[in-house]
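Visitor: Those protein sequence lines, which keep their order, are chains A and B.
First residue of the first sequence? That's 1 in UniProt numbering, and the numbers climb one at a time after it.
First residue of the second sequence? That's 1 in UniProt numbering, and the numbers climb one at a time after it.
None of these hints come from the bench; they were simulated from the model.
Some hints could be false.
Dumping the calculated DMTMM-like pairs for lysine to aspartate or glutamate here, alpha-carbon to alpha-carbon at most 25 Å [stated by the list, open to error]:
id, chain 1, residue 1, chain 2, residue 2
1, A, Lys430, B, Asp345
2, A, Lys425, A, Asp731
3, A, Lys430, B, Asp302
4, A, Lys554, A, Glu491
5, A, Lys602, A, Asp640
6, A, Lys395, A, Glu370
7, A, Lys611, A, Asp640
8, A, Lys481, B, Asp290
9, A, Lys203, A, Asp188
10, A, Lys220, A, Asp178
11, A, Lys430, B, Asp323
12, A, Lys624, A, Asp559
13, A, Lys645, A, Asp581
14, A, Lys448, B, Glu411
15, A, Lys220, A, Glu234
16, A, Lys481, B, Asp101
17, A, Lys338, A, Asp399
18, A, Lys448, B, Asp101
19, A, Lys220, A, Asp199
20, A, Lys481, B, Glu100
21, A, Lys448, B, Glu100
22, A, Lys481, B, Asp302
23, A, Lys501, B, Glu100
24, A, Lys624, A, Asp682
25, A, Lys501, B, Asp446
26, A, Lys448, B, Asp302
27, A, Lys481, B, Glu78
28, A, Lys481, B, Asp446
29, A, Lys579, B, Asp225
30, A, Lys338, A, Glu370
31, A, Lys481, B, Glu159
32, A, Lys362, A, Glu391
33, A, Lys135, A, Glu151
34, A, Lys481, B, Glu411
35, A, Lys481, B, Asp120
One-sided excerpt, in silico: chain A residues whose CB lies under 8 Å from chain B [as the list claims (entries may be wrong)]:
id, residue
36, Val423
37, Leu426
38, Lys430
39, Pro434
40, Gly480
Computed from a prediction, not measured in an experiment: that's the story for all the values here.
For each residue, glycine too, the CB sits at the ideal point set by N, CA and C.
Here is what each chain is made of, one letter per residue.
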Amino acid sequence: MATAVARAPAVNGTKRKVDDLNEKSDGTALGPINLTLSDPEESEGTDGSDGEEEPFPELDLGSDTEEDEDEEDEDDSEYDVEGSEDDEDNEEDDEDEDEEQTPDSRLTRLIAKYTEKPDESDPSELRLEDPRAPKIVQSNITGFPKKVYPEIDPVYDSDSSTEEDPNRIGNVPLHWYDDLPHIGYDIDGKRVMRPAKGDELDKFLSTVEDPTSWSTAVDKSTGAQVQLSAEELELIGRLARAENPDGDYDPYEPMVEWFTGPGKEMTMPLTSRPEPKSRFIPSKWEHKKVMKIVRAIRQGRITPHGKMTAQQQPQFYALWSTNEESATSHRPPLPAPKVRLPTHSESYNPPKEYLPTDEEKKEWEEMDPEDRPENYLPRSHDTLRHVPAYEDFVKERFDRQLDLYLAPRVRRVKLNIDPESLVPKLPSPKELRPFPTAQNVVFEHEGKARVRCVSWSMDGEWVATGDERGTVRCWEAEVGKCVWQGSFGSEPVGAVEWCPKYNFFLIAVSGAVHLVIPPFLPPAQRAAGHTYTTTAFSTPSAPDPDAPKWTSAKTPLADGHVLSISLTGNPKQLAWHGKGDYFASVAPDAAAKAVWIHQITKHHSQSPFRKVKGTVQLVSFHPKQPHFFVATQKYVRHYDLVGQKLLRTLTPGLRWISSLSVHPSGEHLIVGSYDKKLAWFDLEMGIRPFRVLRYHSRALRSVAFSPAHPLFASASDDGTVQVFHATVFADLMTDPRIVPVKVLRGHAVTDGLGVLGVRWHPRLSWCVSVGADGRAVLWCN
Amino acid sequence: MSLPPPSVPLLLSTRSPYALPPTRYLIPTSFTRFQLSQLINTSLSLSPPVPFDFLVRGSLLRGSLQSWMTAHGQGGEETLEVEYVQSVLPPRREASIPQEDWVSAVSLSLPDHILSGAYDNTVRIYTEGQELLHTLSSHSGPITAVTAFPTPAQYAIGEGNIILSSSQDRTVHMHHLPSPSLLPTSASAADAGPRLLTTLHTSPAQVSSVAPSPSGQHIVTATWDGLLGLFTSTLPTSHELPADDEPDISRKKRRKLAPTSSAEETEVFRKAPTLLLRGHTSKVSRAIWDPDGLSIFSAGWDYTVRQWDAQTGQQGGVKTTPDRVHLTIGRMAGPAPLLATGTSDRMVCMFDLRSSSSSTVQLTLPHASPVQSLVPHPTASHLLTTATLQGVLQIWDLRAPRESLVRVMREGGKCLCVDWRVRGAGLPSQAGEGGEEGVWVAGGEDRQVQVWRTVTGGGARVERVGKQVVDKVNEEDAET
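Between the sequences and the hints, there should be enough to build the whole structure, so can you do that?
Guide: Given below as structure tokens:
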């Protein structure tokens, strides 16, 4: 505060030290000053720090005029150090006072001090001695007095309005002159004598007697008491009260009411226009702006709460990362096409065959540069050192740059699709057990005759096979022991089918179907079968000349041969109805009479079709309904036997149907063909196959559904039997699930023929396959 | 300097009479079975040497100790407890008895004799010297099983043995074979020969097996239509059930085939079962008796193994193994009711009937083809022999279930039946006393009954069968 107060006199441009004022006014009744400066010791203690750290004068200067600033600038240097100087000064004064000097010396000093009292109390008088003031001299020419101004030395600060101080000792501490009678020198080098200064008693007296003594201050440069004017006192008082130092400032000016108040009321609106619509609808631009922010928030560019964390995270990026997508939002630059690698002929020493002959060289040189296959001629150099500079270097670079600049480039993005994901999810075969996996028993036919057909007995204990030499064998399936064999001519056996109800089987050979009750069976079973098949002999029906004849085997071809049915043509297939009474025979070469349906209990045969379109290959009974499937070379016809009508014609899209099997539910059908395909029909779905599978490398010979397990197998000329797990769901919306589970290899391919037939065990997940290699193989799980 | 070879501490113990002092031995890990066997022989100074096998933690030592430790992740610090057992030399093929047709059944249940049944409907009885004694041709279908037991005293037809044969002609024939010692030397062939006592009729289906109870009081048969017939072994005095009505053809044929026998024989009564055990839903492969005579075990094609109470005919327990067709069954020797079945999916499955869960297979022995026949060792509870359709005969030790002890490949194709016998097996008190031989017979597609001798080394009793054939012979040469 002391410095702040000390600055105040600068307004007037006089250098007065208010500290001295303090000294003087100690204990006096100067209200305002006393209030603020009541404890000078304390304030002195804080002066050293406060005076510099609290630049109040600068704040104050802001409100000053420019003139004042100029003066202030000049004075700053003095005042900055003044505070501390004063302190020292005071202390020294105290010391001086404390120090007991000799009374004589002190007396002489005092006398010296007060003998001369300069009349400098009035500052206006001081100005008269301004060195820049003109001197009045007699003109030599005119003789009149004239004003002669002193020469101005044009040096820095030569023009100083502050050079008014009579004391010209410069900026030196005044206490240097304490022991001297003068306090400095004036501009002419004469001593400025110390003004007279009374002792404490005089001070006291003056405070008592002189009513204005409280308003005096010591001018340090002159050491004289200066009477402060009323304006200065008022200014000091305002500063002490922390008021605006400007006396004219009125903080409580009356408000001028320009727009309100009586007589200024607005009675009418500014315009009579109705409010525009835009005032009532949300702003489009605001909406856009908000949406921009919303988008930014959504994209994560603005993170309301994540700012701090974003700053905390280290800001770096993978400089050499090849992952272009992650780094920036904009499209990465297209990579330049790679430069072709040099070839042998570009070597500095290519092999001889690359070097052109003279004719080739000539031809190359005569060619148009555009037409040349290469833009260089292979040349041979002994060492790399002899290779000259490449003359086309600049041109090539230039062309390359042109290419990069002009040629449009396309970025090829590789589809990053895992091929595994495109494969449908199928259960593992391990979960779909049981299915046949291994070759358990092999039934070896003598002579390696091709085994054409195979059939399981109804109880699954026996297997009957027929070969191409007209021999039919029965095998005990468990151990593979041949228990019966019979020869039915030398023609190939077309089919062997075991009756699903009684233990006997049918054999289709050329021109006949034979019925055999095998003798190895228990007598009870044989008796039942015998009764079943031969009772109709006792009630002969009316002979039909066209119909096949049923004759008892008077001279049995083999042990157990019971009866024969004569047929025209060469029957290739037999198909039992599930109840064991009816069976159908197919002789493809018998034209219109290809298909016959025979009834065992009545020894009756009938031909269901008057005319057949195409060659009938196969037939099959529906397992549950009185339906009948007839497969020609390319189509499968579905007949209703009761209604005697064609229900639908299935078009598998195969060239030549070889085999057919109906699912035990009767709702699905598989068709194998000689063109290596297998077609699965869902009879509910229409006439097109639900799925066509092609997995065999050769023609399919036989397909079969397992009666007891969700399995089917297909036998092919490639020597394999492939087993599929085919789940048929009761839910009509779910497609059948077909899973390949096993490829059974074991049959040898002989003369281009592989596996000729496959059949399933009626109860177990076993199947037996017969092949052209003269073997039948039982595959077990 | 060279390091000493790495070694492992062994604690050798045995249950055989060749015991070593129970000390810890520090054995180099490079030692194999042969060297360990030599070690025991030299320390006991056995002469002639006895080959031993070594069981380390329940598995047979096949290679060196080091390889065993590597395979089991064992360091050389721990003490290995090793049990050594007297190993048995590989069987020596003794003879082949030719037959007319495939051999479907062999049995050694008649002491000092070999019984065989074949697909030519005959049962043949041989002495152990492969001399044909008798031919029983009363059956009209292939024989499925043949067995024998001593004639019960109540028959009052003299001492001898009863021979039971089951056949696909749905009957079991019971013949009496008099003891040779009782026969007068001048007796005619007809008197000396076996006499058909009775025929057992279970059901109209083929009979797959027949087995007498240990006491000889009961007989159990198994049929292809899922029935078990329980018969008492008393002789019927009249026809207990009517004759089958057969079609003309077969009757004619039979009359043609065997006109003399039917005329000559006194009338043979048909015998009906006292109890029919119903439970199997498909063909029963085989039914066997528990040694205590109280239970019957059966296995079938309906994937089940069943236990029956022989007194009441009640079904005791069922073990179901999905999709596994059981082709044969055997009960392991010993007190534990451990059953072994041969299956069509090329396994031997072990069942413990005491375990509560219904389908627990305790152990499986992998084979290469269906196990058609399986016979446990009469006394040793951990040995069994199997015959597979590939013609491989094997002897398994349950303690080393990964690989068989002995593997013999028959040349002639499928092997359908096997049986083995150890002399004195019926007398457990003599166990451990040596000097006996084992017999091992098998028959099959090659129309031969092949006989092997399990030769013992050093006069010790045949107890265990050792290692693979070839290396065993070599080592034996080296030891002797």
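Visitor: Determine for every hint whether it applies to the structure shown.
Guide: Quick rundown of the hints versus the structure:
For the suggested pair A/Lys430 and B/Asp345, the alpha carbons sit about 15 Å apart, so the restraint of at most 25 Å is met. The hinted pair formed by A/Lys425 and A/Asp731 meets the criterion: a straight-line CA distance of about 19 Å does not exceed 25 Å. Of the supplied pair hints, the one linking A/Lys430 and B/Asp302 holds, its CA atoms being roughly 21 Å apart against a limit of 25 Å. Between the alpha carbons of A/Lys554 and A/Glu491 the distance comes to roughly 21 Å, so the proposed pair stays at or under 25 Å and holds.
Restraint check for A/Lys602 and A/Asp640: the C-alpha separation of about 22 Å stays at or below 25 Å, so the hint holds. This hinted pair checks out: A/Lys395 and A/Glu370 have alpha carbons roughly 14 Å apart, not beyond 25 Å. Among the hinted pairs, A/Lys611 with A/Asp640 is consistent with the structure: their alpha-carbon atoms are about 16 Å apart, no more than 25 Å. Between A/Lys481 and B/Asp290, the direct Cα distance comes to roughly 31 Å. Violation of the 25 Å bound is thereby established for this hinted pair.
Restraint check for A/Lys203 and A/Asp188: not satisfied, since their Cα atoms lie roughly 33 Å apart, outside the 25 Å limit. This hinted pair checks out: A/Lys220 and A/Asp178 have alpha carbons roughly 12 Å apart, not beyond 25 Å. Taking the CA atoms of A/Lys430 and B/Asp323, the gap is near 13 Å; set against the 25 Å cutoff, the hint holds. Under the criterion of a C-alpha separation no larger than 25 Å, the hint pairing A/Lys624 with A/Asp559 is inconsistent with the structure, at around 34 Å.
Distance check on the hinted pair: A/Lys645 and A/Asp581 sit about 22 Å apart at the alpha-carbon level, within 25 Å; holds. Our distance criterion of 25 Å between C-alpha atoms is met by A/Lys448 and B/Glu411, whose separation comes to about 21 Å. For a cut-off of 25 Å, the pair hint linking A/Lys220 to A/Glu234 stands: about 22 Å separates their Cα positions. Restraint check for A/Lys481 and B/Asp101: the C-alpha separation of about 10 Å stays at or below 25 Å, so the hint holds.
Of the supplied pair hints, the one linking A/Lys338 and A/Asp399 holds, its CA atoms being roughly 14 Å apart against a limit of 25 Å. A distance of roughly 21 Å separates the Cα atoms of A/Lys448 and B/Asp101; the hinted pair therefore holds under the 25 Å criterion. For the hint pairing A/Lys220 with A/Asp199, the CA-to-CA distance comes to about 17 Å; that is within 25 Å, so the pair holds. For the hint pairing A/Lys481 with B/Glu100, the CA-to-CA distance comes to about 14 Å; that is within 25 Å, so the pair holds.
Distance hint between A/Lys448 and B/Glu100 is fulfilled; the C-alpha atoms sit about 24 Å from each other, no more than 25 Å. For the hint pairing A/Lys481 with B/Asp302, the CA-to-CA distance comes to about 22 Å; that is within 25 Å, so the pair holds. Taking the CA atoms of A/Lys501 and B/Glu100, the gap is about 35 Å. The hint is violated against a cut of 25 Å. Between A/Lys624 and A/Asp682, the direct Cα distance comes to roughly 16 Å. Compliance with the 25 Å bound is thereby established for this hinted pair.
Restraint check: the Cα-Cα separation between A/Lys501 and B/Asp446 comes to about 35 Å, which exceeds 25 Å; the hinted pair is violated. A hinted pair counts as satisfied when its Cα atoms are at most 25 Å apart, and A/Lys448 with B/Asp302 does not qualify at roughly 35 Å. In summary, the hint linking A/Lys481 to B/Glu78 is not supported, as the alpha carbons are separated by about 56 Å, beyond the 25 Å threshold. With a CA separation close to 12 Å, the supplied pair A/Lys481 and B/Asp446 stays within the 25 Å bound.
For the suggested pair A/Lys579 and B/Asp225, the alpha carbons sit about 21 Å apart, so the restraint of at most 25 Å is met. Restraint check for A/Lys338 and A/Glu370: satisfied, since their Cα atoms lie roughly 22 Å apart, inside the 25 Å limit. Of the pairs offered as hints, the one joining A/Lys481 and B/Glu159 is violated, with about 38 Å between alpha carbons and a cut-off of 25 Å exceeded. Distance hint between A/Lys362 and A/Glu391 is fulfilled; the C-alpha atoms sit about 19 Å from each other, no more than 25 Å.
Using a Cα cut-off of 25 Å, the hinted pair A/Lys135 and A/Glu151 holds, with the two alpha carbons roughly 11 Å apart. Pair hint A/Lys481 plus B/Glu411 holds up; C-alpha atoms about 17 Å apart against a cutoff of 25 Å. Restraint check: the Cα-Cα separation between A/Lys481 and B/Asp120 comes to about 12 Å, which is no more than 25 Å; the hinted pair holds. Nearest Cβ of chain B to the Cβ of A/Val423: about 28 Å, over the 8 Å cut. The hint is violated.
With 8 Å as the threshold, the beta carbon of A/Leu426 stays out of range of chain B, its nearest partner Cβ sitting at about 21 Å, so the hint is violated. Interface restraint check for A/Lys430: the shortest CB-CB distance to chain B comes to about 13 Å, outside 8 Å, so the restraint is violated. Because the closest C-beta pair between A/Pro434 and chain B is about 4 Å apart, less than 8 Å, the hint holds. The beta carbon of A/Gly480 comes within 7 Å of a beta carbon in chain B, closer than 8 Å, and the hint placing it at the interface holds.
The earlier numbered hints that this structure contradicts are 8, 9, 12, 23, 25, 26, 27, 31, 36, 37, 38.
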